[in-house]
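Visitor: Protein sequences appear in the order of chains L and X.
Residue 80 in our numbering sits at position 80 of the first sequence, with consecutive numbering throughout.
Position in the second sequence counted from 1, then plus 1000, gives you our numbering.
A couple of the hints might just be wrong.
Computed beta-carbon distance windows for the label pairs [stated by the list, open to error]: (1) L:R109 - X:S1052: 30 to 40 Å; (2) L:M40 - X:T1109: 43 to 53 Å; (3) X:G1054 - L:E14: 52 to 62 Å; (4) X:P1112 - L:G16: 44 to 54 Å; (5) X:Q1031 - L:P54: 20 to 30 Å; (6) L:P70 - X:T1109: 20 to 30 Å.
Hints were generated in silico from the structure; no laboratory data involved.
On a predicted model such as this, the values are computed, not experimentally measured, just so you know.
The C-beta atom is built at its ideal place from N, Cα and C for all residues, glycine as well.
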Amino acid sequence: DARVTQTPRDKVTEMGQEVTMRCQPILGHNTVFWYRQTMMQGLELLAYFRNRAPLDDSGMPKDRFSAEMPDATLATLKIQPSEPRDSAVYFCASGSTNGGTQYFGPGTRLLVL
Amino acid sequence: QKEVEQNSGPLSVPEGAIASLNCTYSDRGSQSFFWYRQYSGKSPELIMFIYSNGDKEDGRFTAQLNKASQYVSLLIRDSQPSDSATYLCAVNAQGGSEKLVFGKGTKLTVNP
Chain L
1 DARVTQTPRD
11 KVTEMGQEVT
21 MRCQPILGHN
31 TVFWYRQTMM
41 QGLELLAYFR
51 NRAPLDDSGM
61 PKDRFSAEMP
71 DATLATLKIQ
81 PSEPRDSAVY
91 FCASGSTNGG
101 TQYFGPGTRL
111 LVL
Chain X
1001 QKEVEQNSGP
1011 LSVPEGAIAS
1021 LNCTYSDRGS
1031 QSFFWYRQYS
1041 GKSPELIMFI
1051 YSNGDKEDGR
1061 FTAQLNKASQ
1071 YVSLLIRDSQ
1081 PSDSATYLCA
1091 VNAQGGSEKL
1101 VFGKGTKLTV
1111 NP
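One chain only, chain L, in its complex shape (with noise of 0.2 Å):
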């Protein structure tokens, strides 16, 4: 049963900790992207790769936010420093460049206080 995973499912830090956080997409797919859904915005795409390449990261807080996918099998999204306002579920989704349809793991639920 292919599915995307992403650690750590629940994250609780303090303020100005590093957090990371892993994904692995569906194998086979070429395509991975990070979002952020709080209850005030909703789903909110970070930044995506293709053929682990960074093609978009525009949503993305540039100063305190990275994304990387060093491998095929593995994505991951860091913060440095965390703040509270990053308080949120982050969602990583895979997919293929044929259809567009994306699916999403079950998510890191961070609390930063």
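Start from chain L and add chain X according to the hints.
Guide: Coordinates of chain X only, in the frame set by chain L:
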């Protein structure tokens, strides 16, 4: 700014009724349209996609697309309490792009 608009609801229907969920989008170049279902505390799950004008049926779900009116809808027939969730409409950005723009979702409650 590409936008996808949905009525936030909540939309409440009795069990067995038809639930109608609507979505409008601003980018005329959009080519792909998706409906996702999200249960509380869970991740979005794809229900249907539609690319062409008209209706597309899958079981109790029907997606309807009208590109001239920039309107897409989802009908759920014989609604069940298990259909209670938030439904997200998503539209691809910049015609042909795999990047999606999501609406904020409509919360549906099906009452037994």
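Visitor: Does each hint fit the structure? Answer for all of them.
Guide: Right, here's what the structure says about each hint:
no.	hint	result
1	L:R109 - X:S1052: 30 to 40 Å	holds (38 Å)
2	L:M40 - X:T1109: 43 to 53 Å	violated (21 Å)
3	X:G1054 - L:E14: 52 to 62 Å	holds (53 Å)
4	X:P1112 - L:G16: 44 to 54 Å	holds (48 Å)
5	X:Q1031 - L:P54: 20 to 30 Å	holds (23 Å)
6	L:P70 - X:T1109: 20 to 30 Å	violated (43 Å)
Hints 2 and 6, counting from the list given before, are not met by this structure.
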